[in-house]
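Chains as they are written, first to last, in this note's numbering: chain A, 1 to 288; chain B, 1 to 209; chain C, 1 to 530.
The hints are simulated quantities; they were obtained by calculation from the structure and are not laboratory data.
Keep in mind that a hint or two might mislead.
What the hints assert, rightly or not - What follows is a list of derived Cβ distance ranges for each label pair: (1) A/R62 - C/R356: 37 to 45 Å; (2) C/P141 - A/G54: 21 to 29 Å; (3) A/L61 - C/A385: 55 to 63 Å; (4) C/P31 - B/T200: 43 to 51 Å.
As the list claims (entries may be wrong) - Here are some, though not all, of the chain C residues that point toward chain B, as calculated from beta-carbon distances under 7 Å: (5) P57; (6) G61; (7) T63; (8) F64; (9) A65.
Said to hold, decoys possible - Derived contacts from chain A toward chain C, CB cut-off under 10 Å, selection only: (10) D136; (11) D200; (12) G221.
Here a beta-carbon is modelled for each residue, glycine too, at the ideal position from N, C-alpha and C.
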Amino acid sequence: MFVRRASPLHAARATAGALFCIAGATLGGVVSNPMVTLAVGVAAFAMAASCGVGREVAGSLRLSIPLSVVLVIINVLVVRRGLTVFARLGEIPPFGQVDLTVEALVAGGLVALHVIAVMAWASVFARCVNPDGLLDAFRRLSFRSALSATLATRLVPVLTRDAERFAEAQRCRPDGAGGARGRVAVVRAVATGALDRALDVAATLEVRGYAVAGRPPRRRGARSRHDLALLAAAAALVAITVYAIAAGPGYDPYARLSPPAAGSSLLLSAAVLAVSLAPMADRRGIDL
Amino acid sequence: MTWAGATFAILLASLAAGYAWFERARPTARLVAMVATMAGLAALGRIAFAPVPNVKPTTDIVVLTGFVLGGAPGFAVGATGALASNVVFGQGPWTPWQMAAWGLAGLLGAALGAATGRRVGRVPLALFCGAMGLLFGAIMDLSTFTTFSGERTLDQYLAISGTSLPFNAAHAIGNVAFCLAFGPALVRALERFRARLHITWIPLEVSRP
Amino acid sequence: MSPVLSLQGVTYRYPGADGDALRDVSLDVAPGEFVVLAGLSASGKSTVLRAAAGLVPHFHGGTFAGRAVVAGMDTREHGPGDLAAVAGTLFQDPETQSVMATVRAELAFPLENRGWPAGAVARGVEEVALALGIEALLDRPTPELSGGELQRVALGAALAGRPRIVLLDEPTSQLDPVAGDELVWLLRRLNEEWGTAVVLAEHRLERCLAHADRVVVLDDGAIACDAAPSDALAWAAERAPALQTPAARLFARAGLRPPPASVRDARATLRGHGLIDDDAVAVPPAAPAAKRRRSRDAALAFEHAWHELRGGRAILRGVDLVVEPGERVALMGRNGAGKSTLLRHAAGLLAPTRGRVRARGRVGLLLQSPGDYLVHERVGDEAPAAALAAVGLAGVVDRHPRDLSGGQRQRLALAIVMGGSEAPACLCLDEPTRGMDRAVKGELADRLHALDAAVVVATHDPEFAVAVAERVVLLADGRVIADGPAREVLSGGWYFATETARVLGGLGGALTPEEGAELLRDKLVTGVAP
């Protein structure tokens with residue numbers, strides 16, 4: 001999923017990019033103001049476009065929209081609060097008296113916005129943050145666990161090729177591979193073959209000095225401008241989140257609908273967009 | 001808000017605890033290689049069966065590895081398998097939940113192994129794997145409930161579980177089928193490897209004439 | 001001057017094994033020496049290397065007697081982790097020797113494990129990358145690399161800490177000859193420019209004897225011969241003929257001395273005897289076109305077959321190939337020329353995008369790694385009893401297939417492919433000789449001769465091609481560039497030629513040592529002045 005491209009987010013260190021995306025996703029999931037949440041979502045898509053992964057991140061809508069629809073329906077059917085009823089469905093056994101209220105619909109819409117925003121940021125994370133870089137960072141924390149994870153990621157393509165070769169060998173068998181039985185045999189063979197590979201990998205680890213290994217050294221090297229920009233942006237997003245929860249323009253559709261506080265919402269939304277997109281502006285020092 | 005925050009904090013704490021347990025056990029190179037390989041296999045299982053929604057041998061692989069190898073490796077295989085497969089499928093807020101759910105499956109597999117002395121028939125093992133599939137589904141429903149739902153009430157959780165029921169059922173039935181098909185063979189292969197996990201060697205003094 | 005590696009009376013048995021893997025082995029390697037370990041399969045070469053690396057006994061267990069001292073460290077007290085600082089190790093399989101995601105991380109890993117500070121790690125990585133010529137690969141992800149590149153990276157990781165000795169266990173067996181030769185030359189450079197001692201276990205001695213200071217021959221776990229290359233070849237001529245290089249066998253049968261360690265030495269000796277003439281004008285290598293054949297009764301026929309990938313290149317371009325029943329054909333060409341694809345078309349796994357492939361009857365295909373065919377837990381379940389008996393495996397019916405040796409696995413795969421209700425009209429083999437010693441290759445060649453079916457073998461090994469096939473087809477870039485009798489195609493070439501042909505310069509079309517020896521003896525007898 002992660003492909004190296006020429007963009008500030010790809011060029012920065014994995015930890016900086018990860019913190020930035022997590023801050024954005026948290027903001028998108030936690031703040032109750034619809035305008036701000038919308039801004040968070042738009043920021044994700046805009047950022048993705050500026051990093052060259054616009055279409056892929058837009059593809060996250062294929063997952064988030066169906067999920068949103070389901071959650072909206074659930075919210076409308078299940079939640080009993082709200083005063084403006086627009087439909088009465090009568091008695092439905094598990095849910096009792098079901099009245100569809102506009103407030104519940106709007107609340108569901110808020111949930112939908114949350115889902116879309118969070119999943120958009122998650123998609124940016126998946127495509128722009130190098131997972132191996134993150135595992136490298138974790139190796140300082142917990143050497144053996146992170147090594148297992150790195151090794152597992154490294155082995156997936158090897159095991160995939162093994163499985164393809166097994167499947168091909170099955171097709172070469174004379175009297176056909178017998179569909180399901182043949183496939184089961186391949187799966188068993190892949191599993192046992194994988195364990196043989198494990199022994200070779202273990203020998204390699206030994207001769208690379210695994211047994212005497214301690215914590216890896218602290219990585220030297222100055223932070224690039226992109227690292228600094230993303231870390232600053234992440235801090236700003238966290239600050240916005242804290243402000244929004246504590247004192248900002250909240251929004252509660254129950255019990256009666258009323259529009260959110262326009263001025264402060266707009267201000268906050270603009271701040272979100274600015275903070276998210278600012279690091280994308282500087283295109284210097286990006287290596288592919 | 002606080003409910004979501006608290007659950008997430010507990011989730012991350014349990015993942016950290018699980019990995020810390022694995023780390024503390026000072027796994028040998030063989031065990032690390034084995035955990036990585038089985039995690040890779042679990043990830044491969046998920047990737048290979050991606051076209052079929054929610055049917056995958058991953059849970060079985062994790063449970064059976066825990067069954068044979070024990071608690072810490074079982075957890076590590078589950079959590080690492082989730083991580084490795086999400087490199088292909090994409091990370092997201094669901095990643096820690098998946099790691100915890102599969103990690104738990106590995107732990108429970110180890111518990112089963114310890115409780116029965118690793119002697120379980122084919123059918124009970126398959127049913128256990130099916131139950132693990134349902135547990136996995138329940139945890140993932142909990143993740144949707146915690147992260148996204150509008151009102152945190154029991155009704156909402158039940159509604160979410162209801163909508164995902166066909167997927168969870170497919171997962172559980174798939175697990176039972178996979179386990180019936182290759183469960184015992186995988187257990188045998190793992191036990192063969194486990195027998196060679198702890199290496200002792202005997203030094204001999206040869207008297208020179 | 002203390003030796004960098006010293007094995008003293010090492011006797012070792014693997015856990016659960018019937019016999020000793022090493023019997024009273026004593027071996028000293030001086031600093032900067034290049035030692036080649038030779039011996040048939042299962043003679044103990046790998047075990048000696050593992051003992052030097054400390055894997056035996058710490059990783060494999062078993063019973064260990066004697067002492068192994070590497071750069072002053074006794075392996076009884078120091079495990080492989082400690083020894084890794086002074087002894088680098090390289091195994092056969094490129095894929096399982098890379099544990100990290102990028103080349104840079106792979107090279108840094110052993111240094112970080114040793115607790116070096118970040119600056120020293122960075123410098124170590126740069127130095128080893130430049131020394132091995134892999135600096136262009138530093139930021140590439142490891143899953144994208146080819147086998148040869150991966151082995152060089154693994155060598156880099158083994159060398160990262162500037163060890164005093166490097167131990168290599170058949171590192172070229174999974175590589176194609178070009179990559180294998182590059183690796184061996186790299187080892188020579190390492191040995192000459194940085195004085196690293198090298199202990200290399202190899203089957204294809206002709207590749208590395210020219211660089212070796214010493215050859216140690218192992219037989220059934222004990223040292224049978226420990227001498228300079230020429231002397232070892234002379235010994236092998238009498239005691240272990242299967243170990244001789246083709247050039248040495250040529251000389252032995254022609255009665256010439258001393259046995260040559262390289263093609264250059266051989267030609268120098270022959271020149272000295274006046275047996276070859278360097279003034280002959282270079283003739284362009286033969287590229288005979290195929291005779292017109294009737295494809296109607298052919299066992300296998302390709303008619304203008306193309307294989308074009310969607311959004312990619314054409315792998316096969318208009319291949320015309322007709323194999324008559326009972327004929328044996330060797331298919332040669334470099335990696336990526338289309339040999340494997342051609343064989344898959346023959347077996348029906350792929351269909352040509354243009355043109356046709358016809359076969360009379362079933363076509364059996366034996367792929368590169370025989371282990372891919374082994375899916376059951378009992379040998380008897382894999383193939384019918386008759387097929388097993390035909391390949392001589394009737395005695396191991398109850399064993400687990402993965403417990404068999406390499407040669408036995410290949411025979412089992414052959415039984416699987418040949419078995420079944422209908423005997424195949426044509427048998428295709430894709431590089432069956434990877435990692436095999438000469439004796440096993442000879443057995444395979446004999447077995448293929450005994451078959452009724454037509455045989456098409458894709459191989460990089462000219463000696464094996466000559467042993468099995470009468471006809472050789474050269475593929476390049478998806479096209480057939482030469483198709484004719486082995487004698488024509490393989491005698492005058494530069495790369496596609498047997499070692500005998502290279503020594504004799506294609507003289508008289510001699511391909512095997514036996515033919516070459518006859519030619520030389522004739523020349524000697526007819527009184528060419530020495």
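Here's how the hints hold up against the structure:
For A/R62 and C/R356, the hinted distance range of 37 to 45 Å is satisfied, since their beta carbons lie about 43 Å from each other. Under the hint 21 to 29 Å, the C-beta atoms of C/P141 and A/G54, about 24 Å apart, fit the expected range. Checking the proposed 55 to 63 Å range against A/L61 and C/A385 shows it holds: the Cβ atoms sit about 60 Å from each other. At roughly 34 Å, the beta-carbon separation of C/P31 and B/T200 lies outside the given 43 to 51 Å, and the hint is violated.
Taken as an interface hint, C/P57 checks out: its beta carbon lies about 4 Å from the nearest beta carbon of chain B, inside 7 Å. Residue-level restraint check for C/G61 holds (minimum Cβ-Cβ distance to chain B is 4 Å; threshold 7 Å). For C/T63, the shortest C-beta to C-beta distance to chain B is roughly 5 Å, which falls under 7 Å, so the interface hint holds. The beta carbon of C/F64 comes within 6 Å of a beta carbon in chain B, closer than 7 Å, and the hint placing it at the interface holds.
Restraint check, C/A65 versus chain B: the minimum CB separation of about 4 Å is within 7 Å; hint holds. A least Cβ separation of about 7 Å between A/D136 and chain C falls short of the 10 Å threshold, and the interface hint therefore holds. At about 4 Å, the closest approach between the beta carbon of A/D200 and any beta carbon in chain C falls short of 10 Å, and the interface hint on this residue holds. With a cut of 10 Å, the hint placing A/G221 at the interface with chain C holds, because the nearest CB-to-CB distance is about 8 Å.
In the structure shown, a violation is registered for the earlier hint numbered 4 alone.
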